[in-house]
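K.L.:
Here is how the chains run, residue by residue.
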Amino acid sequence: MALPLTASVSQSAAIVVRGVSYRYANAAQLALHDVSFEVPRAEIFGLLGPNGAGKSTLLGLMSGSLRIQGGEISIEGESLARRARHVKRISAVVPQEYAFYEALTGRQNLAYFGSVFGLSRRERLRREAAAVEICRLQDHLDRAAGQYSGGLKRRLNLAIGLLNEPKILYLDEPTVGIDAESRRCILDAVKALQARGTTIVYTSHYMEEVEALCDSVAVIDRGRVVLHERVQSLLRREGAEQLQIVLTEPDPNVAQLLSAFSPTHVDHKVWSCTVPAGRLSEVLAELERRNVRYERLHYGVSRLEKIYLDLLLARDTEREATS
Amino acid sequence: MNLRAWRAGVHKEFLLLFHDWHALLLLFAMPLAFLVIMSLAMQDEFEQRAGEKMRVVILDRDDSAASRALTSALASGGSVAVHAAEPGTALKEQMRAHSAAFGIEIKSGYGAALPKATSPLSERIVLTVAADTTRQTELIFSGTLREILARERLSAILGPLAVLSGTDGFDSGNAQPAVEYAYQSRGQARAPSAVQQNVPAWLVFGAFFVVIPLSNTLIRERQQGTLKRLRTMPVGQGTLLMGKLAPYFIVNIVQVILMMAAGMWLVPALGGEALELHGSPAALALVCAAVSVAALGYALLISSVTRTTEQATLLGGAGNLILAAIGGIMVPKFVMPEAMQQLTNISPMAWGLEGFLDVLLHDAGTREVLPEAAALAAFGAAALAIAWALLKRTEI
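Line order of the protein sequences matches chains A and B.
Take the first sequence: its letters are residues 10 to 332, numbered as in this note's numbering.
Take the second sequence: its letters are residues 50 to 445, numbered as in this note's numbering.
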């Protein structure tokens with residue numbers, strides 16, 4: 010189910026990746042193979058793929074922590090290979106790891122990473138204050154970062170990434186393993202940054218997050234981009250005649266009611282199936298008649314998670330068939 | 050170089066170090082403990098080598114010119130400190146009181162028996178050996194005593210002939226050989242005392258232990274993604290590494306000051322000998338800086354070739370122990386056999402120790418310690434260059 014890639018390079022692209030390949034030392038295979046895409050300014054770009062697909066390698070190349078071996082990457086119109094230091098000044102990475110010093114306090118961490126940018130004390134303090142406000146860390150700055158909860162650590166990780174007020178921000182699974190409050194805080198911060206004009210590259214395994222946040226997505230599988238499309242058009246195109254029902258509680262009637270449409274379900278609460286448009290009113294009437302209680306009902310729009318899993322499954326099947 | 054980033058790096062490393070009590074104990078308490086323990090434990094051994102005389106108690110029951118000449122002959126050799134026994138006290142008791150290795154009882158009639166070649170002196174002279182005197186020392190001393198007695202008897206028999214020939218007798222001072230120490234490279238040296246050996250030895254040892262905290266912080270940075278994050282920032286590897294190394298250079302300087310102070314005041318307060326500082330302060334500073342450069346290069350090299358803190362601790366710690374063992378830190382070079390003394394030259398710890406001993410023992414100036422300082426600096430620079438290249442190409 011490989012979908013066509015976008016081909017044209019827009020003048021307004023913040024990130025342009027052209028024919029990038031990468032092989033790790035002593036590795037037999039390429040980690041990235043001829044990868045090309047672009048990310049428009051002030052958009053949130055979702056970078057998806059299973060573990061080991063090449064997402065981190067691509068992030069490493071785009072952010073300058075890995076050296077480009079083949080192809081070209083330009084950030085805000087500047088070649089990363091030729092003007093690496095300038096590009097690093099206007100971009101920031103928030104790694105998946107807690108990339109700070111746990112023995113130091115939040116304030117000491119912010120001061121150190123802020124100083125690395127060579128800012129004056131006054132400017133550094135101003136930016137620290139702004140980052141702390143966005144990530145709601147005001148009450149935790151004087152505790153050792155190692156004593157923070159997982160959510161606070163993620164917020165500090167993000168705050169450090171905001172110290173240079175980046176035009177490009179790379180977020181590598183920024184909400185993994187955290188509480189709802191911190192998750193909300195981080196997602197709000199991401200939206201606020203986008204509203205200010207920051208271009209964000211976002212990787213996550215939480216598809217509902219990507220679906221809600223991202224303007225476009227690319228799926229990488231075994232070092233190749235196998236899908237690159239705007240999220241809304243993807244959901245509409247893949248969701249034609251798709252019905253999804255999210256029940257309030259599991260209901261045995263639903264399986265029987267949808268049996269003619271080969272339904273699939275998750276935990277007996279989320280049901281999906283393909284229902285021709287001419288029979289939709291019939292299904293809805295039957296739900297009403299059997300008094301099935303549901304939270305949400307979607308028709309004609311697919312879920313990103315389903316598209317993503319179907320795509321990977323199709324590629325696995327294709328590989329098995331060719332081998 | 051980005052000076053703000055460098056300063057921030059120095060500050061951050063100090064903060065991390067102050068939070069790491071294990072590292073502080075390793076860097077300061079461990080070498081200090083070794084210094085104090087070894088200085089006190091090896092004091093006797095070093096005293097013997099440093100010129101402490103063998104103590105002998107003499108109980109002179111003859112009280113003749115000949116018995117006094119014997120006592121004088123023993124004392125004039127330079128290796129024996131003679132204590133006259135108090136009359137009426139048992140010889141063995143007096144030996145214990147003076148911590149003497151030997152006691153000699155000169156019985157009455159010794160002076161009369163001396164010129165008579167057929168009269169056995171064993172009936173007039175009795176040698177008592179202390180319980181803790183080694184068999185080797187006993188053999189050497191009894192041989193010396195035999196030689197002195199033979200000379201005294203010869204002198205007593207041939208004395209009149211010496212007068213006739215115009216000489217005053219037998220002058221043993223003319224028979225002293227010149228003494229050189231096989232372990233010294235500069236000939237004019239004297240043997241180090243326990244504290245003179247142990248202060249520089251454990252100081253050099255402690256300096257090289259920066260390998261543990263330095264490699265651990267660098268590896269943790271790599272594992273936690275901090276190094277990856279720093280690589281995406283507009284700061285060069287040089288600034289980052291210099292910010293990391295500078296605090297440990299200062300740590301090495303503080304170690305030197307602390308260990309010198311311990312040698313000068315703590316060891317004597319605990320009953321040991323005090324360290325005396327000779328030589329030029331500039332030479333001392335040069336050796337100190339060179340040792341630190343070598344230690345930092347070694348530490349960064351270990352950090353760049355290991356992937357986990359366990360590997361770094363094992364490789365760095367074991368490497369230090371091996372360098373110390375062959376470098377004359379644990380076992381002083383001068384007690385090693387010749388072949389082992391040659392082997393010490395491959396250890397940078399030995400170069401550092403030699404440099405410090407040159408300053409402390411030989412009153413050396415900067416020119417004299419230049420060979421050791423240059424060797425240490427070259428080792429440090431080579432290790433830093435290799436580590437730099439390895440870290441540069443590391444994919445993180």
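These are calculated hints, taken from the structure and not from any lab test.
No residue lacks a Cβ here, since even glycine has one placed at the ideal position from N, Cα and C.
Incorrect hints may appear among the rest.
Stated by the list, open to error - Output of the computed footprint for chain B on chain A, the stretches with three or more beta carbons under 8 Å from beta carbons of chain B:
| # | segment |
| --- | --- |
| 1 | 37 to 49 |
| 2 | 68 to 81 |
| 3 | 116 to 122 |
| 4 | 139 to 152 |
| 5 | 300 to 310 |
K.L.:
Does each hint fit the structure? Answer for all of them.
P.N.:
Tested hints:
{"no.": "1", "hint": "37 to 49", "result": "violated (count 0)"}
{"no.": "2", "hint": "68 to 81", "result": "holds (count 5)"}
{"no.": "3", "hint": "116 to 122", "result": "holds (count 4)"}
{"no.": "4", "hint": "139 to 152", "result": "violated (count 0)"}
{"no.": "5", "hint": "300 to 310", "result": "violated (count 0)"}
The structure shown violates the earlier hints numbered 1, 4, 5.
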